[in-house]
Amino acid sequence: MCCDKVAADSDLLTEILIRLPVRSLVRLKSVSKSWLSLIASNFFALRRNPDPTIVSGLLLHPYGTNPKIDIIPLINTIRNPTHPHPHPQFTDLTFFPGLSDNIRIINSCHGLLLCRFRYTRQKNRNPDYAVQKQNRDPNYVVLNPTTKQFKILPKCHLSGLRGLTLAFDPSKSPHYKVVSVCICFRYTRSMFTYAVEYYHEIMTYSSETGSWKASGVSFGAEDREQYTSGVYCNGAVNWFSNWGKGDSVYYNVDEGRFGIIPLPPIPEGNNWYSREFRHYWESRGHLHLVEINSRMYRVDVYEMERDYSGWFVKLSAGLYALEIPRDPLYCLFCILCVVRMERDEESFLVLHVPDKILRYSFGDGTLEKICDVVVPQRSRSLRYSWFRSYQYIESLAGV
Amino acid sequence: MASSIENNNEKLTLKSSDGEEFLVEKHVALQSTLLQNMLDSDCSSADVIPLPKIDARTLALVLGYCKKHADASSSKQGELNSFDSEFLKDMDMGALFNLVLAANFMEIKGLLDIAAQKIADTIKDKPHQEVREIFHVENDYTPEEEAAVREENRWAFEGFP
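Top line first, the protein sequences correspond to chains A and B.
Quick note: the first sequence uses UniProt numbering, first residue 1, plus one each step.
Quick note: the second sequence uses UniProt numbering, first residue 1, plus one each step.
It should be emphasised that the hints constitute simulated quantities derived from the structure, not laboratory data.
The structure displayed is predicted, hence computed values, not measured ones.
One or more of the hints may lead you astray.
[Unchecked claim] Quick list of simulated restraints, FRET-style, between CB atoms: (1) Lys126(B) - Gly160(A): 50 to 56 Å; (2) Phe160(B) - Tyr198(A): 42 to 48 Å; (3) Arg47(A) - Lys126(B): 18 to 24 Å; (4) Glu138(B) - Asp254(A): 49 to 55 Å; (5) Ser171(A) - Asn37(B): 29 to 35 Å; (6) Val374(A) - Asp121(B): 47 to 53 Å; (7) Asp18(B) - Arg47(A): 43 to 49 Å; (8) Glu158(B) - Arg47(A): 52 to 58 Å; (9) Asn81(B) - Phe43(A): 42 to 48 Å; (10) Asp254(A) - Lys126(B): 40 to 46 Å; (11) Gly318(A) - Glu79(B): 55 to 61 Å.
Think of the CB as a built atom: it goes at the ideal place given N, C-alpha and C, for glycine as much as any other residue.
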């Protein structure tokens, strides 16, 4: 039978199945064990999406305490008719059975999300006090919003957890790592007294082994805030300091190497406090830093050299055409994302002004509306901020 | 021999698995990377080329596709697209499977693309039990295992038996 031959030829079967939408694929995992292993394989994921850097949307936590997630599709704004899956199915993140809806995204990395959540009260009526306490602590979960699979991470044994960063590069490995920074202390003894010395230590979780491991790397604890969330790019997690307060540092996960990220050049007569650096982000294997000059309505996108030797201005945008109210006190726009495409002229910025999300194209300098935004109650403010904006990349990667 | 291959009017004979012979113009045959490689290596341009995996009915369809695409100039992309969709329109699953196997064997990228897409479009909204039957795949799950895989992916089954 011809159908037997097709089903038996995994290359040919792959050729057919890669054309299916995610929902169908997830359902067809139930056909047989060999279909399950084919559809779940890294080979299949890469065949279906050979460019795992295409950002098809943004996931955004709006301002406010309610941890709601808004989804803004971008794929239609990417002028790439050859992209095989122009209409990814967006989903909300409240699909965890038994988990609370109190879930916050911490990191997004090539299609996977790292989130923090707490168990709801009902779930926490355990008579055992130790379990209750454990459940009150935040838990961390890695999830794939495309396939809706998730894995709750075992607790990192170090207390004093400062932050976690997801490190995942499907073009290199189907496994991911989570890098945590914990604050530790030790007593140091001088002639007559004991003193407490604080330092940071790095632990890594590997999805391959399913366990945490101490990296043996420790470093000073001047700035405790910068490690809340890092940016993974080209094998290294990068943490940016509040400029001028401690160093920005990187940790190369594969090589276990720690290093310092140099500062961008400071023009003469200027200082750090007068400049607005934001949005430290990865796109297409490049590490970016965005400087906004809000008086001039100008945005400069810096890129880091691969060897960390320095920053250079890669792209610039003049946003005078933005029809937004000029206010000397507030900056009434923000950058939600820098999306690099294969060619620089196709790259674009996603901008947020009080009632709209816009796309600025670096190629022709045009602005296009992506969608309208509900203005929050206290008007003239923005609904979203750059640091709560996460890339959505369609992915079949397993967790 | 090599010089005669340059001749555009040259014809080749292809032989299907069930013994039927097809006379095709060389530029039509060149739509197939397999035949192109055979001709380039100069192995059998004069002889009959056997295609033991492809029956006459399928080969006729494949050659119809190749002829249309070889004859059309590149400016007629719209016309080719409508030909492609018309070509597969009422084809049953068996014929589609034969076509996809033939396109894969003969390395005809365009035909492989449209036939694979057509099969994908057909099974996209079918329940997995039906897809299993279409592809004649043996269900090697135990009922418990199958239920577990389904439970894990419950969201994808909404509205399915």
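The hints, checked one at a time:
no. : hint                              : verdict
1   : Lys126(B) - Gly160(A): 50 to 56 Å : holds, 53 Å
2   : Phe160(B) - Tyr198(A): 42 to 48 Å : violated, 55 Å
3   : Arg47(A) - Lys126(B): 18 to 24 Å  : holds, 22 Å
4   : Glu138(B) - Asp254(A): 49 to 55 Å : violated, 42 Å
5   : Ser171(A) - Asn37(B): 29 to 35 Å  : holds, 31 Å
6   : Val374(A) - Asp121(B): 47 to 53 Å : violated, 37 Å
7   : Asp18(B) - Arg47(A): 43 to 49 Å   : violated, 34 Å
8   : Glu158(B) - Arg47(A): 52 to 58 Å  : violated, 27 Å
9   : Asn81(B) - Phe43(A): 42 to 48 Å   : violated, 31 Å
10  : Asp254(A) - Lys126(B): 40 to 46 Å : holds, 43 Å
11  : Gly318(A) - Glu79(B): 55 to 61 Å  : violated, 45 Å
Of the hints listed earlier, those the structure fails to meet are numbers 2, 4, 6, 7, 8, 9 and 11, in rising order.
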